[in-house]
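*Asks:* Each chain, written out:
Protein chains: 2
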Amino acid sequence: MKSVALKATAVFLAAAFWAGPSMAAESLQDVMKRRGLSQQDLLSAAKTYTPSGKRDEFVAFSSGGQSGQVIIYGIPSMRILKYLAVFTPEPWQGYGYDEESKEVLKGGWIDGKEISWGDTHHPAVSETNGQYDGQFLFINDKANPRIAVIDLRDFETKQIVSNPIFKSDHGGAFVTPNTEYVIETVQYAAPLENRKFYPLEEFNEKYRGGITYWKFDRKEGRIDAAKSFSVELPPYSQDLSDAGKGPSDGWSFTNSFCSERYVGGIEQGRPPFEAGCSAKDTDYLHVINWKKAATLVAQGKAKKINGHDVLMMDTAVKEGILFLIPEPKSPHGVDVTPDGKFLIVSGKLDTHVSVYSFDKIQAAIKSGKFESKDPYGIPVIGLKDALHTQVSLGLGPLHTQFDSKQCVAYTSLYVDSQVAKWNFCEGKVLDKLSVHYNIGHLMTMEGDAADPKGRYLVALNKLSIDRFNPVGPLHPQNHQLIDISNDKMQLLYDMPLPLGEPHYAVAIEASKLKPGVRYKVGTNSRTDKPHPSAVRAGEERIERNGNKVSVYGTLIRSHITPEIIEVNVGDEVTINLTNLERAQDETHGFTVSTYNVHASVEPGKTSSVKFKADKEGVYPYYCTEFCSALHLEMQGYLLVKPKGWKPSAVKKETAKAAYTEADYRASLKKIADTQAVIDSVVGFITSTNYKDFPDVVNMVEDATDQLGKIPDSKAKHEAAAAKKDWDQANLWAEQVYQYQVKAADIGLRAKTYLEQNGAKKLK
Amino acid sequence: MKSVALKATAVFLAAAFWAGPSMAAESLQDVMKRRGLSQQDLLSAAKTYTPSGKRDEFVAFSSGGQSGQVIIYGIPSMRILKYLAVFTPEPWQGYGYDEESKEVLKGGWIDGKEISWGDTHHPAVSETNGQYDGQFLFINDKANPRIAVIDLRDFETKQIVSNPIFKSDHGGAFVTPNTEYVIETVQYAAPLENRKFYPLEEFNEKYRGGITYWKFDRKEGRIDAAKSFSVELPPYSQDLSDAGKGPSDGWSFTNSFCSERYVGGIEQGRPPFEAGCSAKDTDYLHVINWKKAATLVAQGKAKKINGHDVLMMDTAVKEGILFLIPEPKSPHGVDVTPDGKFLIVSGKLDTHVSVYSFDKIQAAIKSGKFESKDPYGIPVIGLKDALHTQVSLGLGPLHTQFDSKQCVAYTSLYVDSQVAKWNFCEGKVLDKLSVHYNIGHLMTMEGDAADPKGRYLVALNKLSIDRFNPVGPLHPQNHQLIDISNDKMQLLYDMPLPLGEPHYAVAIEASKLKPGVRYKVGTNSRTDKPHPSAVRAGEERIERNGNKVSVYGTLIRSHITPEIIEVNVGDEVTINLTNLERAQDETHGFTVSTYNVHASVEPGKTSSVKFKADKEGVYPYYCTEFCSALHLEMQGYLLVKPKGWKPSAVKKETAKAAYTEADYRASLKKIADTQAVIDSVVGFITSTNYKDFPDVVNMVEDATDQLGKIPDSKAKHEAAAAKKDWDQANLWAEQVYQYQVKAADIGLRAKTYLEQNGAKKLK
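Note that the protein sequences, when read in sequence, are chains A and B.
First residue of the first sequence? That's 0 in numbering that gives the first Met the number 0, and the numbers climb one at a time after it.
First residue of the second sequence? That's 0 in numbering that gives the first Met the number 0, and the numbers climb one at a time after it.
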């Protein structure tokens with residue numbers, strides 16, 4: 000019946016599309032009329048709609064703002080694929096609820112205390128030769144200055160490092176062209192010495208900015224804090240940064256606002272920060288030779304502050320690695336062009352973008368041509384000596400990204416709520432497009448790499464106001480997808496952001512991401528090493544050591560081993576669980592009623608939960624993932640016995656089932672019937688070219704896995720039947736049936752897949 | 000230039016759509032070819048694509064599974080609008096990070112301890128006469144048996160109540176037809192007395208199931224725990240429930256699995272739960288007269304357990320309010336038909352759905368026709384005496400929802416990975432559609448109400464496997480949108496779920512939701528009452544009481560008042576902040592560096608954060624929302640002074656700016672120029688019929704608000720200039736400019752809106 004239905008549908012649709020309303024169902028024109036779609040809307044729909052099972056061309060990683068997470072979505076479908084837990088505990092992922100991830104979060108504790116959230120701002124994908132390589136992702140926390148390392152082989156957060164000398168950061172994470180370093184820059188100046196108080200009257204003398212270069216060890220996939228260093232900077236509210244590439248490799252650039260060093264105090268009658276911090280026409284672009292800085296640190300020229308290497312400003316000036324250049328007021332982005340020859344800076348209270356020439360900057364430095372020094376003795380290069388060109392784009396220019404076409408850039412205009420397309424070589428505006436509403440950052444595909452991919456642009460709009468169905472006073476953000484393949488930009492899609500306030504995003508070609516779907520059995524995914532408490536099937540056990548109880552268990556459709564855990568009140572209980580599944584997407588979850596633990600255990604992973612059994616009673620535990628038809632039966636009991644409890648003298652047997660021989664025979668018949676279904680499905684699958692479909696090959700492997708568990712249970716029911724123990728015989732026969740159901744489930748899924756994806760009959 | 004561009008685009012598109020590839024840009028046919036779209040795909044795209052600014056027809060509320068949150072998305076666009084924080088702290092919303100929401104979470108503490116997550120399963124919208132009224136949403140936590148109340152006027156969680164006698168729940172939340180009660184049912188049996196231990200040998204005697212009827216006080220918008228009660232049930236693993244409606248109003252229905260009362264123990268050589276819990280052919284449907292139960296409780300016939308009213312089984316049997324009916328093995332859903340005449344039950348290990356007749360059930364009860372009693376003395380009605388019909392649908396039928404067309408139902412088939420459309424009056428299958436992959440619940444529009452809306456169905460698939468771009472071992476779920484307006488179901492859209500594992504969802508007509516966008520100034524949104532620590536502009540202050548410091552502050556674009564807070568190390572600091580904005584979407588966030596607090600303060604709201612200033616030093620605070628062009632300057636400093644710290648004898652003044660008269664004159668010129676821009680924008684807006692656009696009227700109000708703040712700063716700069724205090728004169732002039740920038744920003748946004756939405760010139 001199914002294939003007839005499919006055929007009929009195809010015929011109907013052909014008619015609906017080409018012929019019109021002669022049939023009862025809606026034609027394309029009917030739908031467009033009913034939904035008020037224009038022809039442009041239909042074209043946009045065709046450019047973004049991604050049919051079932053088709054993949055996206057690009058994958059975006061967006062900061063999640065105050066949610067503390069990273070948001071991953073596909074382009075052009077604009078469907079969110081994952082909220083990846085980074086700085087904030089998140090139970091679906093077990094993040095912060097299992098022991099392994101708690102260790103990662105503990106790396107981000109500050110002053111010995113838990114920080115349970117983050118204000119993520121700027122993600123960066125690891126680079127090789129200035130090109131995205133898709134191996135790692137880095138992101139900063141502005142509120143509690145930290146950097147997180149995410150491994151894109153399994154999309155898990157592996158490390159959080161706290162900045163040893165900052166009290167906030169904004170200009171991170173940015174990577175150098177071979178990911179030698181991850182850059183993090185101060186936002187609000189404060190004393191560098193930890194817990195050191197100086198009054199605001201000593202702001203100019205004692206408060207400092209700075210930039211940290213975190214050394215990344217690609218082999219370990221971790222930041223090496225001991226090999227990292229910082230450069231002390233003036234208290235200028237450093238903002239965004241970028242690393243040079245190509246000819247400018249070895250240098251980094253950081254802009255700033257409030258170089259006025261103004262301190263507000265509206266409650267004391269002083270004009271607020273916003274007035275004093277934006278009063279002057281220019282701020283300072285910081286130009287730093289990080290390669291030489293690293294050499295100086297290696298030579299021992301850094302000072303230890305809070306145990307961390309800091310190159311002080313006087314050293315930096317003396318050694319000639321730190322320079323300033325005026326930049327239009329209150330800039331936000333500093334963006335190095337793909338060829339590494341220019342830097343583009345937007346002053347958000349100015350209508351211009353300024354294009355600086357790296358060659359000119361170097362020429363000024365080499366010839367010692369400086370227009371002045373700042374109050375800290377840092378040489379200032381004249382604006383006109385560094386400038387390639389300035390272009391008036393509109394109100395509130397903020398951030399620039401690049402096209403695959405030479406010299407073409409896109410800049411967000413916050414106040415105008417527009418995107419400007421312009422040519423930075425010739426200094427001319429090419430196109431403008433209105434967005435909804437105030438746009439912060441924008442992103443083109445791999446648009447800050449040495450080889451941008453063009454095609455799409457996403458406007459990260461900060462206010463959505465009336466764009467979506469209302470959901471209360473707190474609105475989603477709005478990421479608008481724009482087609483940039485033609486001369487004129489075209490708005491394609493409005494995407495609400497349901498959680499968090501993204502600041503910046505990066506997008507990578509989907510083909511560069513090749514994450515795994517399972518771990519080597521017994522892996523601690525947070526260390527990437529074998530978990531010492533992993534066990535294989537049959538090795539499950541419960542150990543007691545004083546008042547410490549350790550459970551070494553396993554998970555597989557649809558039972559947890561062990562199913563009963565008895566402890567005494569006051570025991571410290573650790574439950575280690577290994578997921579024995581090999582099948583893609585066969586995650587099991589685990590929790591114990593009211594003990595506030597949760598683990599998400601993907602295939603092959605070993606996770607632990609730990610708690611003090613501080614209340615007596617009966618606490619069910621269960622698998623929290625709908626993993627199979629019998630998922631609700633994937634359960635067990637934690638029994639917490641009161642102090643001094645003794646079993647009654649005559650031990651009753653656990654509730655008996657009292658099955659009969661007839662029950663057993665009925666179960667055997669059910670098994671035989673089900674086997675016939677399985678055989679027919681297997682017959683169908685093997686009669687096709689299923690080996691050409693890797694997903695089906697995986698399913699067949701999975702089903703074979705389930706069927707492989709049958710002989711053990713079969714031996715048990717036959718042995719019990721031989722002893723006329725009909726309870727055991729029937730129950731183990733039922734277990735055989737359960738394995739069959741799982742195999743049939745997978746087999747039917749494979750069959751459907753083959754039917755829908757044009758599998759061919761083998762001769 | 001913009002309008003020319005728009006006109007050109009329209010012309011190009013018309014050509015592209017109707018003529019084909021004669022132009023450089025892609026035609027519709029080109030796009031379809033490049034992206035491999037079939038005509039059916041294009042029709043699906045047209046049915047789901049929602050252009051910028053257009054709204055969805057329905058809004059879905061989905062459980063977020065182990066994320067502990069509720070997911071809100073639009074239909075048919077399948078765009079997620081919000082992740083609403085319910086059981087798990089979430090910093091973007093300030094939930095669990097501000098004092099007001101901490102109180103809500105504290106309501107859900109169990110045994111005096113924090114529970115920081117939940118396993119949400121089944122949302123329910125409040126009903127009036129069995130129809131969705133869009134006022135409240137309820138959802139359960141399976142792991143830590145609790146119910147949350149969400150107010151749909153502001154989409155915030157208002158209350159969490161913990162179940163006093165359960166250790167897990169699954170069959171909640173379901174509401175009675177006028178939301179008199181919210182139903183919650185046990186999943187795994189345990190002793191009802193809290194912290195009471197009985198060994199598993201006493202399972203049949205001492206372990207119990209149960210159902211709780213939470214009394215909902217609609218006026219207060221809160222559950223009234225004191226007026227709530229439970230009914231004790233056998234240890235049968237109660238599962239889903241539904242309330243009767245129409246003729247069956249006053250009754251509720253709950254099914255069960257593992258009525259075998261089997262206890263596993265695979266580690267002890269016993270067959271696992273999954274084998275023993277699914278061995279028998281039938282389980283029990285529980286039929287309860289809740290109206291009479293409420294009367295019995297009022298008459299004092301309940302027993303107090305843990306301080307909560309429980310109608311014990313013997314009372315329930317004696318009073319004739321509790322009955323059982325056999326149901327096919329291991330059922331999941333029990334679903335009352337829209338007319339209230341039938342209940343549909345699916346046994347997930349059976350191929351049939353069973354349609355029970357409420358009339359027949361009542362007839363059996365009235366005539367006392369029972370086939371037996373269960374081990375607890377509960378009368379069992381014969382299956383054949385209650386059955387209307389049984390229909391064989393396929394493998395793993397699970398959950399049923401209803402169409403607007405009479406007698407038409409849809410049932411999910413877990414093992415077959417299909418949706419079956421069938422007629423429950425006549426008992427025949429109408430259509431089947433394959434989904435990807437194993438489907439759990441499904442949802443039609445208002446599909447469990449007395450008046451389902453038809454049109455769309457969403458399949459809540461539990462495994463997505465190969466559907467989306469890979470994001471590591473932990474996969475998103477897949478909600479598939481299906482068009483059910485025609486005889487044949489048509490798959491329209493695949494939607495990944497990026498966080499959490501939804502179990503059940505409900506969808507309501509979008510027009511029924513009318514949330515606000517701002518609060519009355521000074522509201523505690525979690526109590527819906529005036530916040531005692533709210534202040535208006537000009538009332539800001541800092542108070543000290545011993546070592547307790549209370550800050551009463553305000554937030555408005557782009558400054559926090561106060562901007563400097565001085566405390567002594569060891570002080571307990573509470574910062575109360577009122578958002579003075581009236582503009583839609585003008586939320587401000589607030590955090591203090593490394594002190595682990597965060598608030599999301601929507602327009603009109605007052606929020607508090609509290610912490611112990613336990614480390615001396617300098618800690619920046621700032622607004623965490625990108626609220627305006629000067630958002631980064633919306634900052635301040637918390638100064639934590641060490642014990643015994645004294646200011647130096649000669650107090651230095653805070654850094655001076657040293658502006659000149661020329662600076663002041665330049666600022667005045669800038670103000671005049673900006674005013675010219677504002678005047679021109681205002682001229683444009685007022686020359687149109689802008690009053691016909693409510694969103695623009697709001698924007699104009701907002702801009703007027705900003706301009707209204709100018710006279711105060713203007714008076715200040717003029718007074719300072721008169722005294723030749725050029726610093727103060729220039730800075731307050733800059734503040735005038737900042738207000739202008741905000742007004743211009745809004746004005747330009749309004750102008751764009753009018754241009755794009757066809758505003759007309761007034762004569």
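One or more of the hints may lead you astray.
If several chains are the same, the list does not tell them apart, and a pair holds so long as it fits within one copy or across any two.
In the DSSO-like style, the derived pairs of lysine-lysine whose C-alpha atoms are separated by at most 27 Å in a straight line are [to be verified]:
#: 1; residue 1: Lys404; residue 2: Lys762
#: 2; residue 1: Lys303; residue 2: Lys642
#: 3; residue 1: Lys609; residue 2: Lys105
#: 4; residue 1: Lys328; residue 2: Lys452
#: 5; residue 1: Lys112; residue 2: Lys547
#: 6; residue 1: Lys205; residue 2: Lys218
#: 7; residue 1: Lys368; residue 2: Lys32
#: 8; residue 1: Lys218; residue 2: Lys53
#: 9; residue 1: Lys359; residue 2: Lys759
#: 10; residue 1: Lys645; residue 2: Lys708
#: 11; residue 1: Lys101; residue 2: Lys609
#: 12; residue 1: Lys528; residue 2: Lys365
#: 13; residue 1: Lys723; residue 2: Lys218
#: 14; residue 1: Lys205; residue 2: Lys640
#: 15; residue 1: Lys609; residue 2: Lys195
#: 16; residue 1: Lys640; residue 2: Lys303
#: 17; residue 1: Lys195; residue 2: Lys547
#: 18; residue 1: Lys279; residue 2: Lys708
#: 19; residue 1: Lys303; residue 2: Lys511
Bear in mind the hints are in silico, worked out from the structure with no lab data behind them.
*Asks:* Each hint: holds or not?
*Replies:* Against the structure, the hints come out as follows:
In this homomeric assembly, Lys404 and Lys762 never come within 27 Å of each other (Cα to Cα): the closest approach is 50 Å inside a single copy and 46 Å across copies. In the homo-oligomer, the alpha carbons of Lys303 and Lys642 lie at most 27 Å apart only across protomers (26 Å), although the nearest pairing inside one protomer, at 54 Å, exceeds that limit. Taking identical chains as interchangeable, the C-alpha atoms of Lys609 and Lys105 lie at most 27 Å apart whether they share a chain (15 Å) or sit on different chains (22 Å). With identical chains, the CA atoms of Lys328 and Lys452 are never at most 27 Å apart, being 31 Å at best within one copy and 56 Å at best between copies.
In this assembly of identical chains, Lys112 and Lys547 lie within 27 Å of each other by CA distance both inside one copy and across copies; the values are 26 Å within and 21 Å between. Within a single copy, Lys205 and Lys218 get their C-alpha atoms no closer than 39 Å, and across copies no closer than 57 Å, so neither meets the 27 Å cut-off. Neither within a single protomer nor between protomers do Lys368 and Lys32 lie at most 27 Å apart by alpha-carbon distance, with minima of 67 Å and 58 Å respectively. Proximity of Lys218 and Lys53 under a CA criterion of 27 Å is satisfied in neither setting, with 33 Å inside one chain copy and 49 Å between copies.
In this homomeric assembly, Lys359 and Lys759 never come within 27 Å of each other (Cα to Cα): the closest approach is 64 Å inside a single copy and 51 Å across copies. With identical chains, the CA atoms of Lys645 and Lys708 are never at most 27 Å apart, being 38 Å at best within one copy and 76 Å at best between copies. Taking the closest pair of Cα atoms, Lys101 and Lys609 come within 27 Å of each other both inside a single copy (11 Å) and across two copies (24 Å). Taking identical chains as interchangeable, the C-alpha atoms of Lys528 and Lys365 are never at most 27 Å apart, the minima being 50 Å within one chain and 66 Å between chains.
Taking CA atoms no more than 27 Å apart as the test, Lys723 paired with Lys218 passes in neither setting, with 60 Å inside one copy and 64 Å between copies. Only between protomers do Lys205 and Lys640 lie at most 27 Å apart by alpha-carbon distance; the minimum there is 15 Å, versus 60 Å within a single protomer. Within a single copy, Lys609 and Lys195 get their C-alpha atoms only as close as 37 Å, which misses the 27 Å cut-off; across copies the closest is 22 Å, which meets it. Proximity of Lys640 and Lys303 under a CA criterion of 27 Å is satisfied inter-copy only: 24 Å between copies versus 54 Å inside one chain copy.
Taking identical chains as interchangeable, the C-alpha atoms of Lys195 and Lys547 lie at most 27 Å apart only when they sit on different chains, with a minimum of 22 Å there against 42 Å within one chain. In this assembly of identical chains, Lys279 and Lys708 lie within 27 Å of each other by CA distance solely across copies; the values are 22 Å between and 75 Å within a copy. In this homomeric assembly, Lys303 and Lys511 never come within 27 Å of each other (Cα to Cα): the closest approach is 40 Å inside a single copy and 62 Å across copies.
Of the numbered hints stated above, those contradicted by the structure are hints 1, 4, 6, 7, 8, 9, 10, 12, 13 and 19, listed in ascending order.
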